[in-house]
Amino acid sequence: MTILAIVLLAVAAWVVVMFNSLVGLRNQVANAFRQIDVQLKRRHDLIPNLVESVKGEMKFERETLERVIQARTAAVSAGQGGNTGDILAKEGMLTQALGRLIALSENYPNLKANEAVRTLMEELTHTENQISFSRQFYNDVVTKFNTKQQVFPTNMFASMLGFTLSALWELPADSPERQNPKVNLAI
Amino acid sequence: MNIYEQQASNRRTTAVILAAFVAFFLLLGLGFDYFYFNFNPSSQPRMEMNSDGFYEAQRQGASSKVPFGTLFSLLAGLGLAANSMFNGKAMVLRSTMARRALQSSSDKERQFLNVVREMATASGLPAPEAYVVPDPDLNAFATGMSPDSSVIAVTEGLLSSLNREELQAVVAHEMSHIRNYDMRLMTVMAALLGAVALLSDFAGRSMRYGGRGSAYGGSRSSGGSNKKGGAALLFFAIWLVAIILAPLLSRMLAMAISRQREFLADASAAELTRNPLALIAALEKIRRAVMPTNAVDNGVAHMCIADPRGSLIEEKLGFTADLLATHPPMEKRILALKVMAYQAANPQAA
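Line by line, the protein sequences are chains A and B.
Count the first sequence with our numbering and you get residues 1 to 187, in order.
Count the second sequence with our numbering and you get residues 188 to 537, in order.
In case anyone wonders, no lab produced these hints; they're calculated from the structure.
Just to be clear, a hint being listed does not mean it is correct.
[Unchecked claim] Ranges of calculated distance between the beta carbons of each label pair, as one might list FRET restraints:
id	chain 1	residue 1	chain 2	residue 2	range
1	B	Ala202	A	Ser159	30 to 36 Å
2	B	Phe273	A	Asn49	40 to 46 Å
3	A	Val11	B	Val253	38 to 44 Å
4	B	Pro313	A	Ser159	29 to 35 Å
5	A	Phe60	B	Arg286	49 to 55 Å
[Claimed, not checked] Far from chain B by the CB rule (all over 12 Å, computed), these chain A residues:
id	residue
6	Leu4
7	Val17
8	Gln35
9	Asp45
10	Ser132
No experiment lies behind these values; they were computed from the predicted model shown.
Built from N, CA and C at the ideal position, the CB exists for glycine as well.
Produce the entire structure from the sequences given, and follow the hints as far as they go.
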């Protein structure tokens with residue numbers, strides 16, 4: 001009788017510990033997802049400044065600059081819409097347009113000599129990195145959360161307690177981000 | 188081995204060495220108590236009739252149930268380490284004359300600050316403070332007891348000669364030291380090292396001035412214990428050898444752990460940046476700058492990316508180099524990273 005009680009208590013304690021750690025991981029997943037949002041917002045704020053400061057020098061690249069502005073507007077409105085698939089697609093287009101702009105800016109030595117532009121370019125590289133690292137961290141945390149739910153014996157209780165697997169951040173198969181930016185260097 | 192397998196294997200090795208270290212310390216400490224303070228928890232109390240006609244438990248000699256020597260040396264070791272625990276960060280920063288990296292001072296420092304923030308994002312930790320050490324050599328270190336209050340410092344030479352990706356790899360290596368709580372581990376190691384040194388010192392002195400209280404100094408061993416004399420004498424001989432070699436052996440164990448943590452930090456850095464090749468490039472550059480980092484003293488050597496002495500000891504692949512260096516030879520580190528980048532065959536598979 002006492003042995004049965006002890007066993008039951010131990011199982012109950014294990015369920016409590018498991019439940020709490022899963023809750024902690026679920027909140028980490030939510031937080032990591034918000035971090036990506038923060039970085040995307042930072043990128044939106046940075047772009048008008050950047051375009052403004054390189055406009056004079058890169059006047060032959062009007063098309064590229066316009067594409068960046070358009071992609072930004074589309075990404076901002078997708079962000080307000082809140083549809084994850086839409087956000088992924090529009091941010092992917094923005095990443096591609098920016099990649100092209102950065103690659104082209106290498107052709108303009110005057111831009112590199114300009115301190116303000118250099119600072120902005122560094123900020124842009126930083127923000128692009130932040131976006132990819134926050135996605136990477138989100139995927140790491142999601143992997144941990146999903147693994148924790150799937151391993152034995154937690155898998156017998158996880159769905160009963162209302163935990164579901166989180167989705168990894170991945171690019172859709174037809175995403176424009178999958179293509180390399182095409183740069184024509186013949187001027 | 189990929190990055191995750193290397194990390195797991197490094198953690199296992201650290202645990203094994205740490206366990207060996209603790210066992211070694213217990214052997215020394217409990218042996219010391221046994222031989223010098225007659226510590227023997229399993230000794231049978233002897234019943235003797237006292238003057239009032241009652242039987243009373245009498246311990247053999249002055250044998251005690253508390254291992255005073257072990258506890259005292261451990262406490263003293265902890266006391267020595269406590270100072271570095273509470274003041275370590277400030278002391279290191281002062282001794283290296285590090286200054287805070289500023290957003291406004293130069294392109295490179297701005298980049299450094301950004302890279303530190305990127306690595307904080309990648310590891311999911313709060314961003315550490317960024318410091319610059321005025322030294323032309325190439326080196327970097329991390330300090331601070333917890334991720335909330337940690338510091339990453341790089342030398343000016345490093346800032347000026349690495350490109351963005353290489354700098355990112357170096358910062359990722361330091362970030363990994365923070366994430367793996369290596370500062371705490373090394374503080375524990377320092378405490379154990381201090382305790383072992385104290386024990387060895389006590390034992391040396393007691394031997395020289397004659398162990399009066401020793402179980403083998405007098406003729407107190409009576410009756411049944413005579414039969415066990417041979418085995419106990421053998422144990423005493425082993426213990427004596429151990430205590431004479433203790434300072435050297437414990438140092439070797441500590442260095443073995445330090446080298447494992449370097450491999451682990453390399454592997455975690457590759458995980459954070461997903462770019463082992465940049466770390467290889469950075470290590471190659473650091474390796475070519477062999478001059479010593481004068482600003483960094485040996486106390487923080489185990490937190491640096493490369494041995495600050497710049498000595499060629501770490502370039503030798505020999506036996507002594509493997510035993511007493513804080514860092515593994517660059518060649519081995521680069522090879523391990525190449526394996527992670529799938530650019531070299533797995534040496535363990537061959």
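Results for each hint:
| no. | hint | result |
| --- | --- | --- |
| 1 | B:Ala202 with A:Ser159: 30 to 36 Å | holds, 34 Å |
| 2 | B:Phe273 with A:Asn49: 40 to 46 Å | holds, 44 Å |
| 3 | A:Val11 with B:Val253: 38 to 44 Å | holds, 39 Å |
| 4 | B:Pro313 with A:Ser159: 29 to 35 Å | holds, 34 Å |
| 5 | A:Phe60 with B:Arg286: 49 to 55 Å | violated, 43 Å |
| 6 | Leu4 | holds, 36 Å |
| 7 | Val17 | holds, 22 Å |
| 8 | Gln35 | violated, 7 Å |
| 9 | Asp45 | holds, 16 Å |
| 10 | Ser132 | violated, 9 Å |
Comparing the model with each earlier hint shows violations of hints 5, 8, 10; every other hint is respected.
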